[in-house]
Amino acid sequence: MDWLFLTEVFLAGLGAGALYAVTGVAFVLIYKATRVVNLAIGEILMLGGYAFFGAAAGWHLPAWIALPVAVLSGALVGAVVERGLIRPMLGESPISVFMVTIGLGSILAGFVQVVWGADPLRLPEFMPSAPIFLGEAYLAPKVAYGFLAAMLVLAACVSALRFSRGGVALKATAADQGAAYSVGIDVPRVFSLSWIVACAVAAGAGVLVGAIGGISPTMGVFGLSVLVVVIVGGLDSMVGALVGGLLIGVVEAFAGTFLGGEYKFLVTFSIMILVLMLRPYGLFGTHEIERL
Amino acid sequence: MAAQHLLEVDNIEVVYNRTIQVLRGLSLVVPKGRIVALLGSNGAGKSTLLKAVSNLLGIEDGAVTSGAIRFEGEDIAALPPHALVRRGLFHVMEGRRIFEDLTVEENLTAATFALSGRGLPTPSFDRVYAYFPRLYERRKGLAGYLSGGEQQMLAIGRALVAEPSLILLDEPSLGLAPKMVEEIFTIIARINADEGVSMLLVEQNATVALAVAHEGYIMETGKLVIEGPVDKLIRDQDVREFYLGLGGAGDAKSYRDVKHYKRRKRWLS
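Line order of the protein sequences matches chains A and B. Residue numbering for the first sequence follows the working numbering, beginning at 1 and increasing consecutively. Residue numbering for the second sequence follows the working numbering, beginning at 1 and increasing consecutively.
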């Protein structure tokens, strides 16, 4: 075995895993606040990639403007979806809402196909392309910068949840909606904001994912891996999304290298089933606190 | 009469799920600065009344189908619950409903959302900790690990943070040891006296409730049956017997004689 090669595979896995993690955080944010399992997260991520493409390649805007455009369009989609599709479904059975998000995913995939066509596209280059070496191990610059950006966003999300007043409102709403109302928290606003922030984050992640692997209308499959990530990490845990994301990223990288790309899903979904059997809440999901 | 009453409930009816009628033509008032006790047995509709007042009925599929509720002289029907809290009407819900996986301090922070848009200074929790020193000791701990009494203190502490003019208290004695009940009610009375906060207090434990309240209402199956100042209520023969558990001569009544209950309950028909 060649340690250098293993290290490179590991680093590439971490890079991919960071993007899973940040998208997982977006998923967790929505689930935490509204208890909606948002299967459209992969398509919202895809939309972010296409919005960047539209701004950077279509309108020839520089990347530092196109990136905020992509993030803002994600936020806008989040606001519209929450108001238009999710809020009217409040109080319906979780399965119905779940189905709505599946439908939303199909609509978004269809939309980008109509506007930009079905062929895969490449995003204009916007990251420095000087190769990066950690010790002797080579790391693709896009993967490295993607990793850094994802970690920054993750750190911001986790610390906002832990230390800010808004984080308290989110956790309170997640724990007990009625009680959150009763202490003066504007619960519908918490719902809206969590969708807006989550979709903005997912769209930003879409730009990074697109920069590495290109964009296509089937890019939403990324959401499938993210689903594995959040189930492994715990549906309502941001730290779980981080650990699960990195774990699944690394496992996929090794599975892809040693078993072949077609085994990636086999391995990760097997892990998911194993975790579900041993810890149904995921690695970091909350159980109810038992009063002692 | 409108101005001096902080809360007026005017002949309301409440229906759950569009089918089950819980309150039938119920009216009561809470004057400024007073504690009003609302007593009654299980299922009489006491908690429902409080939820109607704080507008939390909606999330349980209940609705006020007729009548009006006025807070500070204004009809509250159109206000969402959080907006009502921000006007100074705070509901301490039944079963305490603290956020178990948040710390004590975060629970209090959550209540600061009640101050949004009121132009009040940033709150310090010192006042809460002065009333409840035990919460200060445990402020960094998870609220779910507090004892039942401490959780009730935290629930009342959240109300204090919100600077209300009216607190709706739903069964603060629920599941607490008698000593703790006494402690909590002493503090409730102090908060009322020191801060001038009015309270509408729902209780099953009539003895403690009437000890702190100024006025009382007694309710059965969706209707009020007796009302009046507390000193009048505790002299009422039926209240003494059925709610305070005292016989005619003032001594505790034996459960052997409970059969008399049906016969004596003359106000029902």
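Check the hints yourself; a few may be wrong.
Stated by the list, open to error - Pulled from the structure, derived: some chain B residues nowhere near chain A, Cβ distances all over 10 Å:
1) V29
2) L56
3) E60
4) R97
5) E100
6) T112
Stated by the list, open to error - So the derived label-pair ranges between C-beta atoms look like this:
7) A:G166 <-> B:G245: 46 to 54 Å
8) A:F265 <-> B:S124: 23 to 31 Å
9) A:P62 <-> B:S124: 33 to 41 Å
10) B:A63 <-> A:F111: 35 to 43 Å
11) B:I59 <-> A:R83: 41 to 49 Å
12) A:A130 <-> B:S124: 34 to 42 Å
13) B:Q21 <-> A:V80: 45 to 53 Å
Stated by the list, open to error - In silico contact screen, one side only, chain B against chain A (beta carbon under 10 Å); selected entries:
14) N42
15) M93
16) F99
17) A114
18) S116
19) R134
20) Y136
21) S165
22) I187
23) I191
24) N192
25) G196
26) L246
Rather than coming from a laboratory, the hints here were simulated on the basis of the structure. Bear in mind the structure is a predicted one, so any value in this text is a computation, not a measurement. All C-beta atoms in this analysis are idealised placements derived from N, C-alpha and C, irrespective of residue type, glycine included.
Report task. For the range 46 to 54 Å, tell me whether the beta carbons of G166 (chain A) and G245 (chain B) fit it or not. Result -> 49 Å, holds
Requested in this report: Using the Cβ atoms, figure out if A130 (chain A) sits within 34 to 42 Å of S124 (chain B).
Outcome: Taking Cβ atoms as reference, A130 (chain A) and S124 (chain B) lie about 52 Å apart, which means the hint is violated.
Query - Minimum beta-carbon distance criterion (10 Å), Y136 (chain B) to chain A - result: 19 Å, violated
**Report entry** Cut-off 10 Å, beta-carbon criterion: hint that R134 (chain B) touches chain A
**Finding:** Because about 17 Å separates R134 (chain B) from the closest Cβ in chain A, which is outside the 10 Å limit, the hint is violated.
Requested in this report: Against chain A, run the beta carbon of N42 (chain B) and see if the smallest gap drops under 10 Å.
Outcome: Violated, about 20 Å.
Query raised in the report: Per the CB criterion, is I187 (chain B) less than 10 Å away from chain A?
Result: 19 Å, violated
Query raised in the report: Holds or violated: is there a CB of chain A closer than 10 Å to the CB of S165 (chain B)?
Result: 14 Å, violated
Query raised in the report: Do the beta carbons of F265 (chain A) and S124 (chain B) sit within 23 to 31 Å of each other?
Result: 54 Å, violated
Query - Restraint outcome when I191 (chain B) is required to lie within 10 Å of chain A by C-beta distance - result: 17 Å, violated
Query raised in the report: Going by Cβ atoms only, is G196 (chain B) closer than 10 Å to chain A?
Result: 20 Å, violated
Query raised in the report: Does E60 (chain B) really sit off the interface, with its C-beta more than 10 Å from all C-beta atoms of chain A?
Result: 8 Å, violated
Query - Verdict for P62 (chain A), S124 (chain B) (Cβ pair) under range 33 to 41 Å - result: Between P62 (chain A) and S124 (chain B), where Cβ atoms are some 47 Å apart, the hint is violated.
The structure shown violates the earlier hints numbered 2, 3, 4, 5, 6, 8, 9, 11, 12, 13, 14, 19, 20, 21, 22, 23, 24, 25 and 26.
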